[in-house]
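Produce the entire structure from the sequences given, and follow the hints as far as they go.
So the sequence shown is residues 30 to 128, counted in the numbering used here.
There could be a bad hint or two in this list.
Said to hold, decoys possible - Listed below are the simulated SDA-like cross-link pairs for lysine to any residue, each with C-alpha atoms no more than 20 Å apart in a straight line:
hint	residue 1	residue 2
1	K87	I102
2	K87	K99
3	K94	I104
4	K99	V88
Calculated from the structure, these hints are not laboratory results. These numbers were taken from a predicted model, which means no experiment stands behind them.
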Amino acid sequence: MEGIGDIIRRAGELVGYAVCHRLLSRSPLFGDNQFMLCSRCAGTYLGALSSYIYIFIKVRGGQTKLPDLKYSIFIIIFIASIFIDVGGTLLGIIPDIAQ
Numbered sequence: 030m031e032g033i034g035d036i037i038r039r040a041g042e043l044v045g046y047a048v049c050h051r052l053l054s055r056s057p058l059f060g061d062n063q064f065m066l067c068s069r070c071a072g073t074y075l076g077a078l079s080s081y082i083y084i085f086i087k088v089r090g091g092q093t094k095l096p097d098l099k100y101s102i103f104i105i106i107f108i109a110s111i112f113i114d115v116g117g118t119l120l121g122i123i124p125d126i127a128q
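Next up, the structure:
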C-alpha cells in the first residue's frame with residue numbers, strides 16, 4: 030500500500046510529464062528522484078505565475094497602465110536571460126551539461 034507521500038510524488042510526476050520535457054540534463058535530482066519540472070520550465074512557470082499575481086494586484090488596486098521604467102528594465106533583463114539561455118543552447122554556445 031502506498032503512503033500519502035508516494036501518492037503526492039506520483040501526482041507531481043504526472044503533472045510534470047504533461048507540461049515539461051523533463052530532460053535529465055536540465056532537471057534537478059533529489060536523491061534518486063528527478064524533480065517534476067526541469068530548471069528552465071520551473072523558472073518559466075514561476076515567472077508566469079508571478080506576472081499574473083503582479084497584474085492581479087495592480088488591476089485590483091485600480092492601476093491599469095504599464096509598469097514604471099525601473100520595473101520594465103527589471104522585466105526586460107529577465108526576459109533577455111531566457112532568450113540567451115535558449116538561444117545559446119540551440120546554437121551550441123552554452124553546453125547542455127548536467128548539474
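Against the structure, the hints come out as follows:
1. K87 x I102: Within the cut-off at roughly 18 Å; holds.
2. K87 x K99: holds, 16 Å
3. K94 x I104: holds, 15 Å
4. K99 x V88: holds, 19 Å
Violated hints are absent here; each numbered hint is respected by the structure.
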